[in-house]
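Chemist: Residues per chain are reported as follows:
4 protein chains.
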Amino acid sequence: MSEEKRKTAISWVETEGILVRGYRMEELIGRISWAEAVYLILKGELPPKPISRMLEAILVSVIDHGVGPPSTVSAVTAANTGASVSAAVAAGLLAINSRHGGAVEDCMGVLQDCVCTQDRDGIGAAEAAERAIAEHRARQRRIPGYGHRVHRVDPRTARLFELSEELKIAGKYVHQAREMERALLSLTGKPLPINADGAIAALLCELDFPKEVANGIFMIARVPGLVAHVSEEHARGRPMRTVDPNAYEYDGPPPRRLTKVDEKETDEE
Amino acid sequence: MSEEKRKTAISWVETEGILVRGYRMEELIGRISWAEAVYLILKGELPPKPISRMLEAILVSVIDHGVGPPSTVSAVTAANTGASVSAAVAAGLLAINSRHGGAVEDCMGVLQDCVCTQDRDGIGAAEAAERAIAEHRARQRRIPGYGHRVHRVDPRTARLFELSEELKIAGKYVHQAREMERALLSLTGKPLPINADGAIAALLCELDFPKEVANGIFMIARVPGLVAHVSEEHARGRPMRTVDPNAYEYDGPPPRRLTKVDEKETDEE
Amino acid sequence: MSEEKRKTAISWVETEGILVRGYRMEELIGRISWAEAVYLILKGELPPKPISRMLEAILVSVIDHGVGPPSTVSAVTAANTGASVSAAVAAGLLAINSRHGGAVEDCMGVLQDCVCTQDRDGIGAAEAAERAIAEHRARQRRIPGYGHRVHRVDPRTARLFELSEELKIAGKYVHQAREMERALLSLTGKPLPINADGAIAALLCELDFPKEVANGIFMIARVPGLVAHVSEEHARGRPMRTVDPNAYEYDGPPPRRLTKVDEKETDEE
Amino acid sequence: MSEEKRKTAISWVETEGILVRGYRMEELIGRISWAEAVYLILKGELPPKPISRMLEAILVSVIDHGVGPPSTVSAVTAANTGASVSAAVAAGLLAINSRHGGAVEDCMGVLQDCVCTQDRDGIGAAEAAERAIAEHRARQRRIPGYGHRVHRVDPRTARLFELSEELKIAGKYVHQAREMERALLSLTGKPLPINADGAIAALLCELDFPKEVANGIFMIARVPGLVAHVSEEHARGRPMRTVDPNAYEYDGPPPRRLTKVDEKETDEE
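Protein chains in written order, with numbering that gives the first Met the number 0: chain L, 0 to 268; chain G, 0 to 268; chain D, 0 to 268; chain W, 0 to 268.
Be a bit skeptical, because a hint or two may be false.
You can't tell identical chains apart in this list, so a pair holds if it fits in one copy or across any two.
[What the hints assert, rightly or not] Derived DSBU-like pairs (lysine-lysine); straight-line CA-CA distance at most 35 Å:
#	residue 1	residue 2
1	Lys189	Lys6
2	Lys167	Lys42
3	Lys189	Lys42
4	Lys4	Lys189
5	Lys4	Lys171
6	Lys167	Lys4
7	Lys48	Lys167
No lab work stands behind these hints, which were simulated from the structure alone.
From a predicted model like this one, the values you see are computed outputs, not experimental measurements.
Chain L extracted, bound-state conformation (with noise of 0.2 Å):
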């Protein structure tokens, strides 16, 4: 069978060296920040500072949730029975899906139209914030992103959207959330505080992102989280016992507090 050459634009080896999107490794190495790294292999080029301490400032959000989340239950449940590290972490990834994860995308899709929407029938943020949730209700839908199974507010929320404030990020997609999040209050009666999801939603619309990859960087984030708890049950499971997310305890650490010596450096300038 004769194939045509496909062709591939993310990174090249050698016998002599190794090009990420055209940049040496052995040049990247110790030079970009991680955040840098996984926006140059997912976009092709270096960003601005701005924007990969707000990636960075996501990927740290997203990077564990607890033992409830349907991946981390997937992934204790196959370590649990003996299944390797790899193999264990694939199963978690394999529960990272339309719904869970998927809310990120979803909400992303919901912005963009509504930003389409402002600038195609000269509109504001609110009223394409009431029109996208009319839509939703008329096919029994709701809103992605907005609300959350465990937390009234989601804590995540106010920090990641502070820090674009700092860095300049937030754009129309911000506003734009934070719009929707009003006009379900005063549409529904009731409060669905943007969560996680959509708060991480708007940011990538910011960084310009394409929704397709929000499951992806959902996944770059999540896999130390999965890596920890499938190393503890490892450690510290019973075999074959019934993996019930609710039936843990919290043993680590204490509260407490970081000290001004833990804080990244960059942040001090």
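Since the structure of chain L is already known, use the hints to place chains G, D and W on it.
Modeler: Relative to chain L, chains G, D and W alone:
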């Protein structure tokens, strides 16, 4: 079936907030780097700056290695059939095992054994290396982490070790790794330079990671590369093509240099 | 979090026994065939004999298709890196999607639509086929289940259809599938014979399976082939080889015929 | 990179046809049973009738075991988040490992060791069993394949062994398995009856399967159950529910008996 509660020390989620190893998530966002977050979730404490910078460099060095590695082949093969991003990346992770990625763990084991032997038998690194090589030969095995299928000299090794000197991370494990390289050359007569797996093995030992987590760190670092290849296959791959790592052409940016402005601010200190 | 109980109609396990769709497991063992068990677990009732024999033939026809299919490539690639049998087979399944295996589901959809159109508009199978082809062309799509990358004429099709005649299973869907083949030839001028996916699609419609379960049946049938290839790779594969489906030689038994004594007793009635 | 050709003995696909272990696929379809096809693909030859009937009974006995097994939990958890059928079943397989399904392989190893010891040391099955139990106790391990989390007496065991007597399959491994049960009772004072894993282990030894393929056979048999649970979750599961195997109610058909007409014709001979 009554189940006693399993304990977790990683993170805890309640209505009011999220604790990660005791820290409130909203305090971590934007204040710690990704490498600090990874270290924290895996080891339970925030690392000193040099350690987080070394870990970040390691993660960047692993982020991608072209279209050839089995994990990329497996991910792209699944993506080509229509797998979702998460299913295709999971297929990629399932090809990270003892033989792909696993050299890091195996090499960590060899280096740790050598350092133990040094202490126990009062011998030097050179002699410990020779013993290890003799034992491996007796079992007809190669020392993991030396030589490379593609690279004559792995370009990542020198840069990683250089950085470890700058950061004052290099210690007895890096020393042992280099003595092993010398012993392999003198005993086999052919150059078997330390590859990136071997260099990372030595450095993860210096960072006091247990060898069981090596594949986990490899996966944390490689997932962005897998996401990029899967996205590219979704965008550019002809349906039901045979995925052949030798039938690719590179059409990314031509070789280019990192300019001063691209570099991390922390690097200029 | 209080959860209402989810209901399951598939099976039930208690201290005293196992119920499968209401039947006691110990009563099923040795008394029903595998195809009957598969039909029972998927559809809730035991099938008439001709249906279970047709289903068994379908499963046998899918059991393997050489080293070339993406699912085999993905499974063997993972196995070569040291993946366990279950992890490698899982990697294989992750390459069974809309484009591999998925033609069965898509073709079932086309045939069901054609049969609906026949009833609704009072037209014949030939006209329904022509309309479907025209619609697919307008969207620049091919009719799934016709033509094959490797086989000029798929050897499984004639045998499956022959058997469906013997068992009196062939009805309006097999008829529609054949009319589609004729229409494709007359409209395109080139032969696009029904492949095994298309034949199985027609037969699963005759057996009244919903199209959503087509990929499930494909996997049920293909797992033994994947297990065989993974076991062979574990036994014979050189570590870290590049898995190339075009770089294989066959060294199994030479072509041989099924003797009378090999055949199923039920076949002789 | 030049690669020598890898050899495969499993199957071969050419323009004109498909060979499975030397047989033409179109000759196998409708003429051999599923169990014969599984045996052929795994072992390279068609089995005698009693062996294929025993294997078919084993496969049926494993087809499902309710909502509780880790593989079902993992598959359903992934399905609930929106995973495709193939991704969700893959997640299920990733929970089939040394501890789930793996007891078959481990028990096969114990029984094979016992039978070897009998021959080598000229002792009987009872003494071989006692030695094996002593060795396991010394390493603080349980004999795999005895006792069950849910069943006091596993209903599958008696039926599988009964059938093996009828088919004249039962030999030294079934005998050894029963002596082990007796020895466990007399040495521990508490009943640890052979469970289905143990019974299947003894029977796969009688069928001359290598123990490395045990997990593969378990997967071949369990995939239909996983497909059924995944389909049911797609149809009936509330999005983002916590999958709890203890929070289910059965609403399938009430207990019912297999009627004569349901049974396999071959059974009546």
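Chemist: 35 Å Cα cut-off: does Lys48 pair with Lys167 within a copy, between copies, both or neither?
Modeler: The answer is both: 11 Å in one copy and 27 Å across copies each meet 35 Å.
Chemist: Regarding Lys189 and Lys42, is the shortest C-alpha distance of 35 Å or less found within a copy, between copies, in both, or in neither?
Modeler: So Lys189 and Lys42 fail the 35 Å test inside a copy (39 Å) and across (41 Å) alike.
Chemist: Reference check for the pair Lys167 and Lys4, CA-CA at most 35 Å: within, between, both, or neither?
Modeler: neither (43 Å within a copy, 45 Å between copies)
Chemist: Within a copy, between copies, both or neither: which one fits Lys4 and Lys189 at a CA-CA cutoff of 35 Å?
Modeler: between (56 Å within a copy, 27 Å between copies)
Chemist: At 35 Å max between alpha carbons, let me know whether Lys167 reaches Lys42 within a copy, between copies, both or neither.
Modeler: both (21 Å within a copy, 34 Å between copies)
Chemist: My question is about Lys189 and Lys6: at a cut-off of 35 Å on alpha-carbon distance, are they close within one copy, between copies, both, or neither?
Modeler: between (51 Å within a copy, 31 Å between copies)
Chemist: My question is about Lys4 and Lys171: at a cut-off of 35 Å on alpha-carbon distance, are they close within one copy, between copies, both, or neither?
Modeler: neither (41 Å within a copy, 43 Å between copies)
When held up to the earlier numbered hints, the structure conflicts with 3, 5 and 6 and fits the remainder.
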